[in-house]
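Chains as they are written, first to last, in my numbering: chain B, 1 to 375; chain P, 1 to 377.
Read the hints as simulated data drawn from the structure, not as lab findings.
Treat the hints loosely; a few may be bogus.
[Unchecked claim] Listed below are the simulated DMTMM-like cross-link pairs for lysine to aspartate or glutamate, each with C-alpha atoms no more than 25 Å apart in a straight line:
#	chain 1	residue 1	chain 2	residue 2
1	P	K151	B	E130
2	B	K17	B	D57
3	B	K17	B	E289
4	P	K151	B	D110
5	P	K151	B	E347
6	P	K151	P	E324
7	B	K17	B	D41
8	P	K74	P	D93
9	P	K151	P	D246
10	P	K231	P	D93
11	B	K17	B	E290
12	P	K74	B	E353
13	P	K74	B	D164
14	B	K17	B	E40
15	P	K151	B	E359
16	B	K17	B	D32
17	P	K231	P	D246
18	P	K74	B	D157
19	B	K17	B	E28
20	P	K74	P	E98
21	P	K231	P	D67
22	P	K151	B	D113
23	P	K74	B	E130
24	P	K74	B	D127
25	B	K17	B	E288
26	P	K151	B	D127
27	P	K151	B	E360
28	B	K17	B	E285
29	P	K231	P	D274
30	P	K74	P	D101
31	B	K17	B	D320
32	P	K151	B	D122
33	P	K355	P	D365
34	B	K17	B	D312
35	P	K151	B	E353
36	B	K17	B	E308
37	B	K17	B	D38
38	P	K231	P	D253
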Amino acid sequence: MTEGCAGEEGLIQLLDKDGVRVSTPENEAYRDQAAGVDGEDLRAMYRAMLLTRRFDDEATSLQRQGELALFAQARGQEAAQVGSAFALAPQDYVFPSYREHGVLEVRGVDPVDRLRLFRGVDHGGWDPAEHNAHLYTLVLGSQVLHATGYAMGIQRDGLVGTGDPARDRAVVVYFGDGTTSQGDVHEAMVFAAVNNAPQVFFLQNNQWAISEPTSRQTRVPLADRGLGYGIPSVRVDGNDVLACYAATLDALERAHSGGGPTLVEAFTYRMGAHTTSDDPTRYREAAEEEHWARRDPIDRLAALLRAEGEWDQEWAAALDAESDALGERLRTEVRLLGAPPAGSMFEHVYATEHATVAEERAWMAEYEQFEEANP
Amino acid sequence: MSTPTVTLRPAPTPALGATPAPGAPPAPGATPAGSVTRAAPGAPVAAPPSDVQTLAMAGAINLALRDSLAGDDKVLLMGEDIGPLGGVFRVTDGLHAEFGDRRVVDTPLAESGIVGTAIGLALCGYRPVCEIQFDGFVFPAFDQITTQLAKMHYRSGGRLQVPVVIRIPYGGGIGAVEHHSESPEALFAHTAGLRIVTPSTPQDAYDLLRAAIASPDPVIYLEPKGRYWSKGEVERGASPAAGVLDTAHVVRDGTDVTLVSYGPTVATALQAADTLATEGTSAEVVDLRSLSPLDLPAVIASVRRTGRCVVVHEAPTAHGVGAEVVSRVTEEAFHSLEAPVLRVGGFHTPYPVAKLEHSYLPSVDRVLDAVDRSLAY
Chain B
1 MTEGCAGEEG
11 LIQLLDKDGV
21 RVSTPENEAY
31 RDQAAGVDGE
41 DLRAMYRAML
51 LTRRFDDEAT
61 SLQRQGELAL
71 FAQARGQEAA
81 QVGSAFALAP
91 QDYVFPSYRE
101 HGVLEVRGVD
111 PVDRLRLFRG
121 VDHGGWDPAE
131 HNAHLYTLVL
141 GSQVLHATGY
151 AMGIQRDGLV
161 GTGDPARDRA
171 VVVYFGDGTT
181 SQGDVHEAMV
191 FAAVNNAPQV
201 FFLQNNQWAI
211 SEPTSRQTRV
221 PLADRGLGYG
231 IPSVRVDGND
241 VLACYAATLD
251 ALERAHSGGG
261 PTLVEAFTYR
271 MGAHTTSDDP
281 TRYREAAEEE
291 HWARRDPIDR
301 LAALLRAEGE
311 WDQEWAAALD
321 AESDALGERL
331 RTEVRLLGAP
341 PAGSMFEHVY
351 ATEHATVAEE
361 RAWMAEYEQF
371 EEANP
Chain P
1 MSTPTVTLRP
11 APTPALGATP
21 APGAPPAPGA
31 TPAGSVTRAA
41 PGAPVAAPPS
51 DVQTLAMAGA
61 INLALRDSLA
71 GDDKVLLMGE
81 DIGPLGGVFR
91 VTDGLHAEFG
101 DRRVVDTPLA
111 ESGIVGTAIG
121 LALCGYRPVC
131 EIQFDGFVFP
141 AFDQITTQLA
151 KMHYRSGGRL
161 QVPVVIRIPY
171 GGGIGAVEHH
181 SESPEALFAH
191 TAGLRIVTPS
201 TPQDAYDLLR
211 AAIASPDPVI
221 YLEPKGRYWS
231 KGEVERGASP
241 AAGVLDTAHV
251 VRDGTDVTLV
261 SYGPTVATAL
271 QAADTLATEG
281 TSAEVVDLRS
291 LSPLDLPAVI
301 ASVRRTGRCV
311 VVHEAPTAHG
321 VGAEVVSRVT
331 EEAFHSLEAP
341 VLRVGGFHTP
351 YPVAKLEHSY
361 LPSVDRVLDA
371 VDRSLAY
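Based on the provided sequences and hints, a complete structural model is requested.
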């Protein structure tokens, strides 16, 4: 039942699985898009990917120690996330789902803040305006429509097709293969298409929606769905950071210039479990995991850096130290994130005073005072 | 979800049904702003200022939309058939011609899409006013409204505001087919993060809508479609009046029993009060106007005066807004009560077929029956 969903065949690739540059007529336009990526850029991408992997590992350990309620790893999807995020202009706005730790790494969202939600001390954790990065969204597909609406706002602001790369804005929304079955994704593509919205639909097909393979969501390659809406679509190798970067940059150029939305399907693999509550041994084969372990996106970029003489031993050692420092900081600071005061649950329910909330907040304060006075 | 066929689109004539006959008394206490207002019966009618006009409720809503669009470039309207057609009830008539495609947006026929994109527009600094075509068609958007719209300000720690207004024609009595006559207010009132208002007069329709659009909170604005063509005087405001969103109005003074109602049933309660007056019973009528929050001080003050209370709404009484009013009145005014607080409303059935709706909807007779039971206690 998987043949209809395509798979690894026909993907746009700039690096093969061993990190060797690929040159084909099909990828020529994308090679051009990535032509400006130099060694320093590649090392910056590698750094973001490696720190995202470390973030994943530390957060998973913290969950195992009971310090986080839950955690959803990005493991295996670092190239898709970091590559696409590197294509963003600072003024572009991103809507993540809940697994885009690599995107938020690139957008500069503090890693401790990214764990507040999983720690159970905040439903958000950072200021979206500061990073042009929206909060995580846990209801599948809701953020895809928000992104379309935001893009419609950008159109009304007159910030599409100005010809000034520092002014033109677009939106990139992240979602997964399971989420493509949600009606909100369909509606978002309808709205984006008819409004010609400056939006990139960045679909990470990691092949598993918890326990369900992509064949439970679709009989055709997911990128093909875009065509039905009149949305240009492309399938790229999601473990190839350069291909993800180039395809997103291409889509963003279209959006910025007034060319409307694009669907990018990044075909990748969820190397870890869906979340720390999941057990993939119940539904997938070890052989499959081994197949994809040989396609680890971080190894692929490391191979390219080495082959092209861009791997600097001193730089690598410093990066390892930075990664260790990140781990140390997460282990320390996450544990210090204590429960907020009970009264804070009443804050920000409304932007203006609401009598019911005010009354219940006052009751709670009085109750707590009484409890304190009468232990 | 479907676009209703032409036969479902009411002609601009007075609605059938539970609403009172033309000429029924307009709510006298319809002053635009401030806290609870009390209109003394028989008080001299002030000479209307020059900017007062007589409008049907639909026209008052149209005027509020027009004034809001004119007053703030960030306001835009979104909905199905609201453009050149002017909406299936013609509430947005003329606005597309005046404000154009970018500000009066005919959307795809997808309610979740309307509300979901409205949230995104709000995050981008806009103030979208969404029209849901009929009450029964709001549910595809229920997920976006309850899991996203209601929680965005909260989950962002107050960093993100989503000033979205969702207009929903609601209520029955117009002889419509399935899904076109429902009263879903309790489903929204149960959700923290939403404000819910519903007018019963053209003046309130104007004031509440302008205030809803100006509010930084998401507001569900429920339009009693059976009252769309009832007329009243409307005074335009230069800017949205402050403090109108959360306040009830005492629309008729009385001493023996308090009738609490809102939206379409305010007229029913006023008619019942007229009848009661001929029988020597003085009924006070409170128009809640706001369902979240409830203006409990206004209700409780009234019940303390009268000692009896009957709540009237079209929605099913089970688990409804009336249940909340009864509970709070019992908690706060227990020692003032001469009788249990009673409810008159719809039943725990799906909204019935049109040929039965007049047995389902709270009629004047059923209100009188409840008042009799209260007085006899």
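Hint check results:
With a CA separation close to 20 Å, the supplied pair P/K151 and B/E130 stays within the 25 Å bound. Proximity of B/K17 to B/D57 is assessed by CA-CA distance (about 23 Å); at most 25 Å being required, the pair is judged to hold. About 15 Å separates the Cα atoms of B/K17 and B/E289, which keeps this hinted pair within 25 Å; it holds. Only pairs whose Cα atoms come within 25 Å are accepted, and P/K151 paired with B/D110 is accepted, the gap being roughly 23 Å.
The straight-line distance between the Cα atoms of P/K151 and B/E347 is roughly 12 Å, inside the 25 Å bound, and the hint therefore holds. At roughly 22 Å between alpha-carbon atoms, P/K151 and P/E324 fall within 25 Å of each other, so this suggested pair holds. Between B/K17 and B/D41, the direct Cα distance comes to roughly 20 Å. Compliance with the 25 Å bound is thereby established for this hinted pair. Taken as a hint, the P/K74 and P/D93 pair is honoured in the structure, with Cα atoms around 20 Å apart against an allowance of 25 Å.
Of the pairs offered as hints, the one joining P/K151 and P/D246 holds, with about 20 Å between alpha carbons and a cut-off of 25 Å not exceeded. For the hint pairing P/K231 with P/D93, the CA-to-CA distance comes to about 17 Å; that is within 25 Å, so the pair holds. Our distance criterion of 25 Å between C-alpha atoms is met by B/K17 and B/E290, whose separation comes to about 14 Å. Of the pairs offered as hints, the one joining P/K74 and B/E353 holds, with about 23 Å between alpha carbons and a cut-off of 25 Å not exceeded.
This hinted pair checks out: P/K74 and B/D164 have alpha carbons roughly 24 Å apart, not beyond 25 Å. Between B/K17 and B/E40 the alpha-carbon distance is near 21 Å, which keeps this suggested pair within the 25 Å criterion. For the proposed pair P/K151 and B/E359, the alpha carbon gap of about 19 Å is at most 25 Å, so the pair holds. Between B/K17 and B/D32, the direct Cα distance comes to roughly 20 Å. Compliance with the 25 Å bound is thereby established for this hinted pair.
Between P/K231 and P/D246, the direct Cα distance comes to roughly 24 Å. Compliance with the 25 Å bound is thereby established for this hinted pair. In summary, the hint linking P/K74 to B/D157 is supported, as the alpha carbons are separated by about 10 Å, within the 25 Å threshold. At most 25 Å may separate the alpha-carbon atoms for a hinted pair to count; B/K17 and B/E28 meet this at roughly 18 Å. With a C-alpha separation of about 15 Å, the suggested pairing of P/K74 with P/E98 holds against the 25 Å cut-off.
For a cut-off of 25 Å, the pair hint linking P/K231 to P/D67 stands: about 19 Å separates their Cα positions. With a C-alpha separation of about 19 Å, the suggested pairing of P/K151 with B/D113 holds against the 25 Å cut-off. Pair hint P/K74 plus B/E130 holds up; C-alpha atoms about 22 Å apart against a cutoff of 25 Å. A threshold of 25 Å between alpha carbons decides the hint, and for P/K74 with B/D127 the separation of about 23 Å falls inside it, so the pair holds.
Among the hinted pairs, B/K17 with B/E288 is consistent with the structure: their alpha-carbon atoms are about 15 Å apart, no more than 25 Å. For the hint linking P/K151 to B/D127, the alpha-carbon distance of about 16 Å falls within 25 Å, and the restraint holds. About 18 Å separates the Cα atoms of P/K151 and B/E360, which keeps this hinted pair within 25 Å; it holds. Restraint check for B/K17 and B/E285: the C-alpha separation of about 21 Å stays at or below 25 Å, so the hint holds.
In summary, the hint linking P/K231 to P/D274 is supported, as the alpha carbons are separated by about 19 Å, within the 25 Å threshold. Proximity of P/K74 to P/D101 is assessed by CA-CA distance (about 14 Å); at most 25 Å being required, the pair is judged to hold. Among the hinted pairs, B/K17 with B/D320 is consistent with the structure: their alpha-carbon atoms are about 24 Å apart, no more than 25 Å. For the hint linking P/K151 to B/D122, the alpha-carbon distance of about 13 Å falls within 25 Å, and the restraint holds.
Our distance criterion of 25 Å between C-alpha atoms is met by P/K355 and P/D365, whose separation comes to about 18 Å. Proposed proximity of B/K17 and B/D312 is supported: the alpha carbons are some 22 Å apart, at most 25 Å. Distance hint between P/K151 and B/E353 is fulfilled; the C-alpha atoms sit about 15 Å from each other, no more than 25 Å. A C-alpha spacing of about 16 Å is found between B/K17 and B/E308, which places the hinted pair at or below 25 Å, so the restraint holds.
For the given pair, B/K17 sits about 20 Å from B/D38 by alpha-carbon distance, which is consistent with the 25 Å threshold. Taken as a hint, the P/K231 and P/D253 pair is honoured in the structure, with Cα atoms around 22 Å apart against an allowance of 25 Å.
Every hint, counting from the list given before, is met by this structure.
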